[in-house]
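Asker: Given these sequences and hints, build the entire structure.
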Amino acid sequence: MRYAARVCQVTKEYVLDGGTVRALRGVDLDVPEGDYLAVMGASGSGKSTLLNLLGCLDRPTSGTIWLGDEDVTKADDDRLSEIRASHIGFVFQSYNLIPQLTVLENIEVPLIYQGKCGPKYRKRCRELAEMVGLGQRLGHRPTQLSGGQQQRVAIARSLVNDPLFILADEPTGNLDSATSEEILSLLESLNRDGKTIIMVTHEPDVGARTRRIVRLMDGKVVSDRRLDNKEPCEANAAI
Amino acid sequence: MTLLWLRTWQVGIKSLLLHPLRSALTVLGIFIGVAAVIWLLAIGEGISRKAQEQIEGLGANNIILRTLKPPSEVTDRLRGLMPYGLTRDDYARLTATIPTVTRALPIRELRRRFSYKGRMVDGRLVGSTPDYAEVTKLEVDRGRFLTDADGREKKNVCVLAAGTAEKLFPFEDPLGESIHVEEQYYVVVGVLKPRMPTAGIGGSLAAQDFSSDVYIPIETLRTRIGDLVVTRRSGSFEGEMVQLSQITLRVDKVEHVMETAELVKQTLALSHRIEDFGVTVPLELLEQARTTRLMFILFMGLIAAISLVVGGIGIMNIMLATVTERTREIGIRRALGAKRRDIVRQFLVETVSLSTVGGLTGVLGGLLCPAVTKFIQARIEQAFPNVMAQLPDVIKAVEPTIVPLSIPLAFIIAVTIGVVFGLYPAMRAAAMDPIEALRHE
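Chains as they are written, first to last, in my numbering: chain C, 1 to 239; chain Y, 1 to 441.
One thing to keep in mind: the hints can contain errors.
Partner residues aside, some chain Y positions facing chain C, computed with beta carbon under 10 Å [what the hints assert, rightly or not]:
no., residue
1, Leu3
2, Leu4
3, Thr8
4, Gln10
5, Val11
6, Lys14
7, Ser15
8, Leu18
9, Pro70
10, Pro71
11, Arg112
12, Glu329
13, Arg333
14, Arg340
15, Asp433
Mimicking DSSO-like on lysine-lysine, the simulated pairs with C-alpha atoms at most 27 Å apart in a straight line are [claimed, not checked]:
no., chain 1, residue 1, chain 2, residue 2
16, Y, Lys137, Y, Lys155
17, C, Lys120, Y, Lys339
18, Y, Lys339, C, Lys116
Treat the hints as calculated values from the structure; they're not laboratory data.
Even for Gly, the Cβ is constructed at its ideal location relative to N, Cα and C.
Answerer: Okay, structure coming up:
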């Protein structure tokens, strides 16, 4: 079995006001390719920290994290940036689009930092925008779009570099239930096509839509439960 | 790679256009700095060029000797009428003994009132030889200048400067008419073209003005008026015995001017016991003017540099605000794979764009300097003629000359300032922790 990410005995400590906060106390987590998992837990359980480590935005205090075949705990800041640009797709709770750029330009951003510019890549961005249903709004700015539309742009952006996995941080947190439903079905269909998705959420309804639920408490994995008959998706067609 | 730069630049321009007023004000700071560099240098150059022209008007080959009134304590001790100043003997000795002197002009000047049919004008009565016209670069407009024959025969003839002719003969043709100067009549034989004033000589700061002169042969002046001049002053008479007011020597080559001047001083020192003459060497003045010009440019440059630095601080200030405001965007870009140097590049591109636009418009504004100066001069002339008349000639008639080097210089400085003052905010942006930046509201 191939793994999109493997987390081995990872700890993370912060120094705050002289005291040390142990946000993660030895976490193990394997994410096979094609999996769709929800990381759940109360606030302060360490799920944001885990997300930052998986997103290569931070480095663990100890332990190793493998993304694909690479041990990212040894990478320097520039290399981490490269990994983020080429292997990770981010979807945030507050969409995090760049306000002065159009839909098309927002989708293009991760490619630019890989030095990929040109008509070929433009075409890919356009296709992704069409795939998430925004083919008619390529020239719009984020402020001209609804929340659900913005989140769909963000999902298109997370797919543009063909990442190892999509890291979604409460992707439906700012949306009403109808729009949440749209986003969740979009993510589900992506997963059916073979995309690995790691989602952080605290809503049980949202977690129930995934294949596997990992619960964190006080910096440790307290349960790792695969939902009934939901093995990782085998078909890994490139999107 | 070039595409990356292009894209970064596009994004930078977009971000700047998001706050058009803010960007315009920042550009204004650099615009003023760059335009100031060009303006100050152009005006400085114009003034010094004017001064240089005036000095050159004296003739770089010339040495000018002028009679000076000795300090009063010296004359008071001697009492009575004391002759002083340059003499005809000095003139003869200098022309005979110094081989590098090719030509010499004896000149006698007096303040007189000229009149014609009730019209009067005060001016200089200048007695000299026919060479005077050539050495002081006077050109005849109508008629002729003085001739050797006029001098030999001590004729009562005169040549009018343009200003005198205009005031005395506003309607008539002056040629052949006689003007009245203290009980004597002189027939006008020629009128000169207007001439630009030269720099002041003999220690006086006032420029030498040729516009209200009347020229007569020096021999005639000696016969009709003589060396003794009596002026009435508050009840008492005061006499002055002066033979020549000025001797202008022309030296054969410019390289010989300094040595000749030294020789002249030594020769004159033998026959003059008191300091009753002054030596002016235009060449010396010219060199002084060059030094002054350099100082002037340095000074102006300093002022301009200060305004550019102020502009740069403006850029830095705005960029720091922008960085804080766009913390979130920086976080997003970092999360999406931007390296620290990508962030630095992005903010630098923005500052350099601002300063480049400021630089370009500043150069355009700088090029307008001569036209604007002319316009302002004309406006002041129109609105406040009195104020204008009181201004020194160098300022009144200054024609700013754009120094070609100042354009690339100002522009390069502007761009450099964009980089230097943009670097700190850019590095601060790049140093942000992406997680913190993403959390920023």
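Asker: All hints are to be evaluated individually against the structure, with a verdict given for each.
Answerer: Hints, verified against the model:
1. Interface hint at Leu3(Y): satisfied, since its Cβ lies 4 Å from the closest Cβ of chain C, which is below the 10 Å cut-off.
2. Given hint, Leu4(Y) at the interface with chain C, holds; its Cβ is 6 Å from that chain's nearest Cβ, closer than 10 Å.
3. Given hint, Thr8(Y) at the interface with chain C, holds; its Cβ is 8 Å from that chain's nearest Cβ, closer than 10 Å.
4. About 9 Å separates the beta-carbon of Gln10(Y) from the nearest beta-carbon of chain C, less than 10 Å, and the hint is met.
5. Checking Val11(Y) against chain C: minimum C-beta separation of about 7 Å stays under 10 Å; hint holds.
6. With a least beta-carbon distance of about 5 Å to chain C, the hint placing Lys14(Y) at the interface is held under the 10 Å criterion.
7. With a cut of 10 Å, the hint placing Ser15(Y) at the interface with chain C holds, because the nearest CB-to-CB distance is about 5 Å.
8. A distance limit of 10 Å between C-beta atoms decides the matter here; for Leu18(Y) the minimum to chain C is near 5 Å, and the interface restraint holds.
9. Checking Pro70(Y) against chain C by beta carbon gives a least distance of about 82 Å; that is not within 10 Å, so the hint is violated.
10. Restraint check, Pro71(Y) versus chain C: the minimum CB separation of about 79 Å is more than 10 Å; hint violated.
11. Restraint check, Arg112(Y) versus chain C: the minimum CB separation of about 80 Å is more than 10 Å; hint violated.
12. At about 6 Å, the closest approach between the beta carbon of Glu329(Y) and any beta carbon in chain C falls short of 10 Å, and the interface hint on this residue holds.
13. Because the smallest distance between the Cβ of Arg333(Y) and any Cβ of chain C comes to about 7 Å, under 10 Å, the interface hint for this residue holds.
14. The interface hint given for Arg340(Y) holds, since its Cβ lies 7 Å from the closest Cβ of chain C, which is under the 10 Å cut-off.
15. Hint status for Asp433(Y) relative to chain C: holds, with the closest Cβ pair at about 8 Å, below 10 Å.
16. With a C-alpha separation of about 24 Å, the suggested pair Lys137(Y) and Lys155(Y) falls inside the 27 Å cut-off, and the hint holds.
17. At roughly 24 Å between alpha-carbon atoms, Lys120(C) and Lys339(Y) fall within 27 Å of each other, so this suggested pair holds.
18. At most 27 Å may separate the alpha-carbon atoms for a hinted pair to count; Lys339(Y) and Lys116(C) meet this at roughly 15 Å.
Hint check: violations occur at hints 9, 10 and 11; the rest are consistent with the structure.
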